[in-house]
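Residue numbers (full-length UniProt numbering), protein chains in the order written: chain A, 1 to 584; chain B, 1 to 584.
Just so you know, the hints here were simulated from the structure itself, not pulled from any lab data. The structure displayed is predicted, hence computed values, not measured ones. Heads up, a few of these hints could be off.
Where chains are identical, the list cannot tell them apart; a pair therefore holds if satisfied intra-copy or between any two copies.
Here are the simulated EDC-like cross-link-like pairs (lysine to aspartate or glutamate), alpha carbons at most 20 Å apart as the crow flies [said to hold, decoys possible]:
no., residue 1, residue 2
1, K146, D157
2, K419, E479
3, K153, E261
4, K467, E491
There are 2 protein chains.
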Amino acid sequence: MYRSHSCGELRASHINNEVTLSGWVQKSRDKGFMIWVDLRDRYGITQLIFDEERTPKEMMEKAKSLGREFVVQVTGTVIERESKNAKIATGDVEVLVSKLEILNQAKLPPFTIEDETDGGEDIRMKYRYLDIRRNPVKDSLIFRSKVSMEVRKYLTDKGFIDVETPYLIKSTPEGARDFVVPSRMNSGQFYALPQSPQTFKQLLMVGGMDKYFQIVKCFRDEDLRADRQPEFTQIDCEMAFVEQEDILEIFEGLTRHLLKEVNNVEVDKFPRMLYDDAMRLYGNDKPDIRFGMEFGELNAATQHKDFGVFNSAELVVGIAVPGGNAYTRKEIDNIIKWVKRPQVGALGMIYARVNEDGTFKSSVDKFYDQEDLAKWAEITGAKPGDLVCVLSGDTNKVRAQMSALRMELAERLGLRDPKVFAPLWVIDFPLLELDEETGHYHAMHHPFTSPKPGQLELLDTNPGDVKANAYDLVLNGNEIGGGSIRIHDKETQAIMFKHLGFTEQEAKEQFGFLMDAFEYGAPPHGGLAFGLDRLVAILGGQETIRDFIAFPKNNSGRDVMIDAPAVLDNTQLKELSLQLAIEE
Amino acid sequence: MYRSHSCGELRASHINNEVTLSGWVQKSRDKGFMIWVDLRDRYGITQLIFDEERTPKEMMEKAKSLGREFVVQVTGTVIERESKNAKIATGDVEVLVSKLEILNQAKLPPFTIEDETDGGEDIRMKYRYLDIRRNPVKDSLIFRSKVSMEVRKYLTDKGFIDVETPYLIKSTPEGARDFVVPSRMNSGQFYALPQSPQTFKQLLMVGGMDKYFQIVKCFRDEDLRADRQPEFTQIDCEMAFVEQEDILEIFEGLTRHLLKEVNNVEVDKFPRMLYDDAMRLYGNDKPDIRFGMEFGELNAATQHKDFGVFNSAELVVGIAVPGGNAYTRKEIDNIIKWVKRPQVGALGMIYARVNEDGTFKSSVDKFYDQEDLAKWAEITGAKPGDLVCVLSGDTNKVRAQMSALRMELAERLGLRDPKVFAPLWVIDFPLLELDEETGHYHAMHHPFTSPKPGQLELLDTNPGDVKANAYDLVLNGNEIGGGSIRIHDKETQAIMFKHLGFTEQEAKEQFGFLMDAFEYGAPPHGGLAFGLDRLVAILGGQETIRDFIAFPKNNSGRDVMIDAPAVLDNTQLKELSLQLAIEE
Chain A
1 MYRSHSCGEL
11 RASHINNEVT
21 LSGWVQKSRD
31 KGFMIWVDLR
41 DRYGITQLIF
51 DEERTPKEMM
61 EKAKSLGREF
71 VVQVTGTVIE
81 RESKNAKIAT
91 GDVEVLVSKL
101 EILNQAKLPP
111 FTIEDETDGG
121 EDIRMKYRYL
131 DIRRNPVKDS
141 LIFRSKVSME
151 VRKYLTDKGF
161 IDVETPYLIK
171 STPEGARDFV
181 VPSRMNSGQF
191 YALPQSPQTF
201 KQLLMVGGMD
211 KYFQIVKCFR
221 DEDLRADRQP
231 EFTQIDCEMA
241 FVEQEDILEI
251 FEGLTRHLLK
261 EVNNVEVDKF
271 PRMLYDDAMR
281 LYGNDKPDIR
291 FGMEFGELNA
301 ATQHKDFGVF
311 NSAELVVGIA
321 VPGGNAYTRK
331 EIDNIIKWVK
341 RPQVGALGMI
351 YARVNEDGTF
361 KSSVDKFYDQ
371 EDLAKWAEIT
381 GAKPGDLVCV
391 LSGDTNKVRA
401 QMSALRMELA
411 ERLGLRDPKV
421 FAPLWVIDFP
431 LLELDEETGH
441 YHAMHHPFTS
451 PKPGQLELLD
461 TNPGDVKANA
471 YDLVLNGNEI
481 GGGSIRIHDK
491 ETQAIMFKHL
501 GFTEQEAKEQ
511 FGFLMDAFEY
521 GAPPHGGLAF
531 GLDRLVAILG
541 GQETIRDFIA
551 FPKNNSGRDV
561 MIDAPAVLDN
571 TQLKELSLQL
581 AIEE
Chain B
1 MYRSHSCGEL
11 RASHINNEVT
21 LSGWVQKSRD
31 KGFMIWVDLR
41 DRYGITQLIF
51 DEERTPKEMM
61 EKAKSLGREF
71 VVQVTGTVIE
81 RESKNAKIAT
91 GDVEVLVSKL
101 EILNQAKLPP
111 FTIEDETDGG
121 EDIRMKYRYL
131 DIRRNPVKDS
141 LIFRSKVSME
151 VRKYLTDKGF
161 IDVETPYLIK
171 STPEGARDFV
181 VPSRMNSGQF
191 YALPQSPQTF
201 KQLLMVGGMD
211 KYFQIVKCFR
221 DEDLRADRQP
231 EFTQIDCEMA
241 FVEQEDILEI
251 FEGLTRHLLK
261 EVNNVEVDKF
271 PRMLYDDAMR
281 LYGNDKPDIR
291 FGMEFGELNA
301 ATQHKDFGVF
311 NSAELVVGIA
321 VPGGNAYTRK
331 EIDNIIKWVK
341 RPQVGALGMI
351 YARVNEDGTF
361 KSSVDKFYDQ
371 EDLAKWAEIT
381 GAKPGDLVCV
391 LSGDTNKVRA
401 QMSALRMELA
411 ERLGLRDPKV
421 FAPLWVIDFP
431 LLELDEETGH
441 YHAMHHPFTS
451 PKPGQLELLD
461 TNPGDVKANA
471 YDLVLNGNEI
481 GGGSIRIHDK
491 ETQAIMFKHL
501 GFTEQEAKEQ
511 FGFLMDAFEY
521 GAPPHGGLAF
531 GLDRLVAILG
541 GQETIRDFIA
551 FPKNNSGRDV
561 MIDAPAVLDN
571 TQLKELSLQL
581 AIEE
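Put together the whole structure using the sequences plus the hints.
Right, here's the structure in full:
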């Protein structure tokens with residue numbers, strides 16, 4: 001038996017007990033006649049004490065030899081600590097060691113195993129197994145485990161069945177690029193790894209499974225960037241005999257359950273916002289509503305003056321920055337520089353200060369008088385002391401720019417408090433999205449999403465106007481989940497594929513199995529998928545997902561530690577080549 | 001709202017309520033003036049009634065049009081049934097329909113959606129979404145979900161953390177062949193899919209995670225055969241600061257928890273058996289101990305007579321078949337034919353009848369007298385009325401043959417009752433196994449398994465004799481789990497790799513990351529993995545795993561329904577070729 005207690009367990013009530021502990025040496029203080037060692041495990045830290053008077057000489061020597069991260073087992077007596085440490089749970093006691101065994105030695109770690117470490121990102125990633133010993137990472141992984149389990153409890157209680165769908169599947173294009181897996185048994189053929197279990201969960205609904213969920217890895221062979229991993233985890237759900245309202249209710253319940261169980265936060269009924277309103281008011285389909293700063297459209301209020309920039313703009317839009325009149329000229333110039341960065345792409349920014357006395361001072365006083373500016377303030381909701389920032393240009397572009405500015409200023413103003421949770425449903429998404437490069441429409445959610453009742457006919461004439469039974473769950477400016485009511489009849493699905501540019505033959509080859517299934521009694525159904533990585537990070541109050549993934553990949557897709565992928569040996573390469581050759 | 005109740009919910013207490021139900025038409029009986037329809041969903045079946053007197057004519061016509069597996073929604077009043085059906089939970093009531101909507105039509109299904117279906121295996125697999133509507137498959141999937149959840153509950157309660165390990169990893173050979181995944185971002189390089197998260201869970205232990213579990217898909221690119229899928233699910237666990245005893249206790253507890261929660265069966269403390277004893281007494285490292293028929297070794301009792309077959313045999317072994325004296329000569333000839341089948345491979349079988357009066361009649365009376373045969377009976381435990389079956393030959397072969405015969409006869413005698421659960425720990429497995437073809441030793445469990453204390457030295461002289469800290473959990477003759485205490489220091493691990501035929505360079509390239517980790521304070525650790533597919537099948541009282549997998553693959557690795565894998569298109573093939581070309 002390696003231990004009778006964990007290192008986080010001993011209290012004053014254990015005084016005089018003999019205990020056995022195992023763990024890592026966090027640090028030791030050697031005063032010569034006395035040595036204190038902090039022993040750490042997953043559960044906490046306990047102070048060990050060795051002293052000349054009570055510890056045999058040989059053991060004193062051994063204790064002196066203990067380096068950081070040595071793995072040791074000790075037996076000893078719990079005694080009261082002279083100087084108590086109120087900062088740790090075991091701070092009332094220490095263990096006077098009577099037996100010390102070094103279970104394993106350790107090289108000096110390349111960074112300190114402490115909450116605030118001296119190790120940079122790269123070195124911490126390379127030695128991820130050491131990084132995981134640090135509380136911030138360890139606690140994040142434990143937090144993720146708790147979130148997963150609470151998801152399972154909630155959904156199981158609601159009658160959902162956890163069904164595993166296959167990982168080696170037929171490629172069914174869903175927007176991103178598939179990872180492929182050559183099949184040795186079927187030369188020249190390949191499996192794909194699922195981008196999501198979408199078609200399988202729909203087949204489960206055709207199969208009468210009624211309520212399905214799975215916490216499942218999904219794969220996209222896309223270029224990596226910050227916070228996007230080639231493999232990611234999805235909470236995948238589907239229900240039969242449901243309308244949008246049923247789904248919103250269940251998954252609002254799930255989100256509320258998580259906020260309560262893991263964050264101890266109670267949240268009111270989630271507000272709902274039309275996609276069109278989200279774009280109009282926040283320039284964004286995943287608005288952060290922890291703070292205001294809603295867009296005010298200023299076209300009417302700015303036209304017919306001599307300011308050509310606004311007159312020629314498709315959209316003139318402003319936001320009120322609370323307390324922004326306090327910005328110096330230099331600070332405002334900085335903001336203007338910020339919006340002109342290539343990543344944001346605005347050509348410039350007009351602003352109007354709202355003085356405490358209610359007068360205005362703008363960067364375009366030449367064109368707009370006090371009355372005009374009062375209207376700007378009214379439309380954007382600016383109050384005395386605020387600053388109105390105005391951008392103009394093509395609607396889509398200027399909305400994106402203003403949305404970026406809004407988020408940036410809110411960040412600077414401390415309005416994005418990770419301890420505040422503001423969930424939001426965004427509903428009535430467009431069915432199709434125009435790819436401006438190709439001029440083709442593609443499915444905004446995915447090709448299985450149903451149009452709103454009665455809008456199917458619009459597909460021929462105004463495809464961009466067709467709304468879908470599609471919804472996103474947004475939390476603090478992040479899309480944490482999204483879903484739709486699906487098409488469940490073959491004819492509608494065929495029409496959709498046609499509009500997405502599939503020939504009849506292509507649709508049949510790629511999705512024939514699903515359309516065939518629709519002919520054997522497919523029930524109305526719909527679902528939702530949460531991105532677990534991001535959900536956990538947001539609930540955990542973090543900006544990035546990396547601490548919540550035990551072994552993340554770096555930006556070149558390599559495992560942080562093992563530096564995968566590995567090059568295959570020649571035999572394997574030759575076999576693969578052979579398989580390909582047969583096909584060509 | 002598609003339904004107020006499920007089809008399994010209505011009882012006499014609902015009489016006179018107005019309800020809305022949705023589901024599939026199981027069947028309908030049309031008596032002209034009256035139509036009964038059985039409406040089915042995941043939860044049960046409810047009888048609907050339409051009759052000339054109370055149902056509008058138009059609706060009668062619509063009801064007449066309903067075919068099997070049509071998806072319908074009805075609203076109506078719950079009424080008492082005239083002829084109650086005690087066989088179903090809703091059998092006291094029926095619903096007099098006032099509103100009928102056909103939500104989706106259905107083509108005639110290719111087999112009947114009933115517990116005993118008329119569809120053969122192939123057709124049921126092709127239309128798996130229809131097969132899943134049948135109770136045996138549906139209930140199996142629900143059963144699996146329950147088992148998974150109970151595993152999670154037990155382990156979470158015990159402090160285990162669910163940590164997701166990566167699926168796109170570096171290839172680390174573990175016996176079977178890896179599936180590989182070309183990386184688009186790293187041309188010429190490939191990920192492998194994990195055969196198990198073995199190295200990752202060990203790194204988590206080095207990382208101080210202490211208790212880890214995961215229910216995780218694993219992949220082996222092996223030839224398929226019955227009940228072996230290229231992707232399978234593992235309950236994967238690892239603990240730090242543990243000895244074998246700690247692990248057996250936790251996972252015996254898990255198994256007992258499952259038997260109680262999902263089978264309502266209480267089981268005593270699991271017996272433990274040495275590997276050597278299992279081989280000697282059952283010829284098998286996963287003995288089915290629901291019944292006796294233990295092997296009796298008869299070498300001493302059969303030598304020095306004139307029967308050359310036994311004299312020259314390395315092993316002469318017998319079992320007592322309870323009541324086997326009742327077999328006719330023809331039946332015994334049939335058994336002899338059975339053991340001579342190429343799949344079993346015995347050259348013949350000697351037998352001795354134990355008559356009710358205690359006398360014997362054997363097939364080798366020429367060589368062995370009554371006294372000799374009495375010894376056979378004593379050693380095999382045969383009683384009057386039994387039959388002693390004896391095989392002889394090379395020890396390994398004859399044990400395998402006798403084990404097969406024992407299982408076959410037990411099956412015929414009805415001794416393998418799927419409702420009886422006889423778990424067993426088999427412990428002290430050999431560390432290494434001799435590959436008789438190549439003459440090389442390989443790791444019996446895996447290269448990370450630790451030898452028993454003090455046996456490391458034996459590796460040089462008697463490698464086959466070294467025992468490992470390795471254990472299997474056996475249930476009803478199936479290995480449902482296996483694990484070991486791992487090596488946790490670099491030196492021992494290096495010695496192991498050397499004995500397994502790795503050069504120092506190979507060991508470093510393939511497992512360097514793990515051995516490096518061992519230098520930074522690796523705790524003693526060990527673990528166990530359960531094969532979920534088989535565990536669920538055995539708990540569910542089934543011989544095969546197929547009903548417990550939603551979308552199994554057939555023997556050529558193709559998805560039963562979607563007929564994956566698919567051939568990639570030319571662009572994808574060309575890119576892959578290019579990647580390979582760069583490497584060559």
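Item to check | Up to 20 Å CA-CA - E479 versus K419, copy category | outcome: Close inside one copy (17 Å), not across copies (48 Å); limit 20 Å.
Item to check | Intra- versus inter-subunit Cα pairing at 20 Å for K467 with E491 | outcome: within (19 Å within a copy, 65 Å between copies)
Item to check | Intra- versus inter-copy proximity for E261 and K153 (alpha-carbon distance at most 20 Å) | outcome: both (11 Å within a copy, 16 Å between copies)
Item to check | Intra- versus inter-subunit Cα pairing at 20 Å for K146 with D157 | outcome: Result: close both inside a copy and across copies, 16 Å intra and 11 Å inter.
In the structure shown, no violation is registered for any of the earlier numbered hints.
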